[in-house]
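Quick mapping for you: the protein sequence lines, in order, are chains A and B.
Quick note on the numbering used here: the first sequence kicks off at 678 and runs consecutively.
Quick note on the numbering used here: the second sequence kicks off at 678 and runs consecutively.
Bear in mind the hints are in silico, worked out from the structure with no lab data behind them.
Warning: the hint list may mix true and false statements.
Because identical chains cannot be distinguished in the list, a pair is counted as satisfied if it fits within a single copy or across any two copies.
[What the hints assert, rightly or not] No farther apart than 30 Å at their CA atoms in a straight line, the calculated lysine-lysine pairs in the BS3-like style are these:
| id | residue 1 | residue 2 |
| --- | --- | --- |
| 1 | 718 | 733 |
| 2 | 713 | 723 |
| 3 | 722 | 733 |
Protein chains: 2
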Amino acid sequence: MVTTTAPPEVSDPRSRLVSSAAELIHAGSYRAVGVKAICEKAGVKKGSFYYFFPSKEALVLDALDSIWEEFERDGLRASFDPGLAPRQRIEAMFDHAYQTHSRIRRRTGHVLGCPFGNLAAEASTLNEPIRDRVLMAFAEWTALIEETIEEALRAGELDPALSAEATAWSLLGTLQGALLLSKAANDTGCIRVIGRETVEALWGGAVA
Amino acid sequence: MVTTTAPPEVSDPRSRLVSSAAELIHAGSYRAVGVKAICEKAGVKKGSFYYFFPSKEALVLDALDSIWEEFERDGLRASFDPGLAPRQRIEAMFDHAYQTHSRIRRRTGHVLGCPFGNLAAEASTLNEPIRDRVLMAFAEWTALIEETIEEALRAGELDPALSAEATAWSLLGTLQGALLLSKAANDTGCIRVIGRETVEALWGGAVA
Chain A
678 MVTTTAPPEV SDPRSRLVSS AAELIHAGSY RAVGVKAICE KAGVKKGSFY
728 YFFPSKEALV LDALDSIWEE FERDGLRASF DPGLAPRQRI EAMFDHAYQT
778 HSRIRRRTGH VLGCPFGNLA AEASTLNEPI RDRVLMAFAE WTALIEETIE
828 EALRAGELDP ALSAEATAWS LLGTLQGALL LSKAANDTGC IRVIGRETVE
878 ALWGGAVA
Chain B
678 MVTTTAPPEV SDPRSRLVSS AAELIHAGSY RAVGVKAICE KAGVKKGSFY
728 YFFPSKEALV LDALDSIWEE FERDGLRASF DPGLAPRQRI EAMFDHAYQT
778 HSRIRRRTGH VLGCPFGNLA AEASTLNEPI RDRVLMAFAE WTALIEETIE
828 EALRAGELDP ALSAEATAWS LLGTLQGALL LSKAANDTGC IRVIGRETVE
878 ALWGGAVA
């Protein structure tokens, strides 16, 4: 769902390092991408890297902040528009993921998955600060879903036995899992299919 | 859900390389673990490695086969016991994941996640044969879930608007996502919570 942007066109080298790291790691993996490759893509001399960042990990933490800000602005704000009905917001969340990752698939030939989910899987046991940053993003994201589910419960749209918090984590888990399966399949179809089935299972018979 | 086993005690060096690779990569990542470390753990001279395997990738494909066989035997067979009602099978699948990963968490201090899910996230864009092997495992797993959902649909337990295939992918996605979130949180609680909410959302009001 979260995604990285096109090549950096900003002029300051620090920002170019951040966006280059975001893009290269999203397309590959944390371990597969070295400081040298990031510097080359950013057009920054490797010798200057440590003037800007003490380590690759520090750069990646900055890159995660920057990806998150963009995702909040361009993805979450539209999906969780209070003008939409709760069900439409959850549908919009899955649809945004489907559209975004289909676009990336067309451009790069690969489904790259969620930058946060990817790092959770690859680096959680190896880099505690990265795990923390990913968890923070997941918690913020879940809070938006939880508000939506609370609204739907108050409106009597959902089984009152459901917990808003648990359902919110479950929905984020389902989206993250859908992105993971779509990455394994290199095909975004399952994001759409899983999104529809999930909404159907929650809201029941009503046609979208 | 899938998990790797204790240190190798088998005597042949090829099997020791396979189980050492499975264990080290599960605890770290594909890229973070080199042939040298695998050989050291297996007690095999690095010079002999290429007598057994042409590459680390080839070894990892063998390790995935071996993890999958064990998971089929010890995890899937019990969860998808035809003697259980469909709902109980899905509950057993989530419960097996919760129990297994809680045990690993107690032993290692970390939630390590699903070895297949981890590799899907880390290596899908970098190693096509690994991506293929992971996808094959996901497809076999989904087939078992799909049979279960078909049975529940035939018994009239579920909303007839649901597609068995889509629901099966959705359930595997949800479990994979739950494992990913639990790895990010280093806490298995969300596997249990998400499992319960998912079963509740599908089967509705009835108390488990």
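For this session: Could you work out which earlier hints the structure fails to respect and list their numbers in ascending sequence?
Result: none
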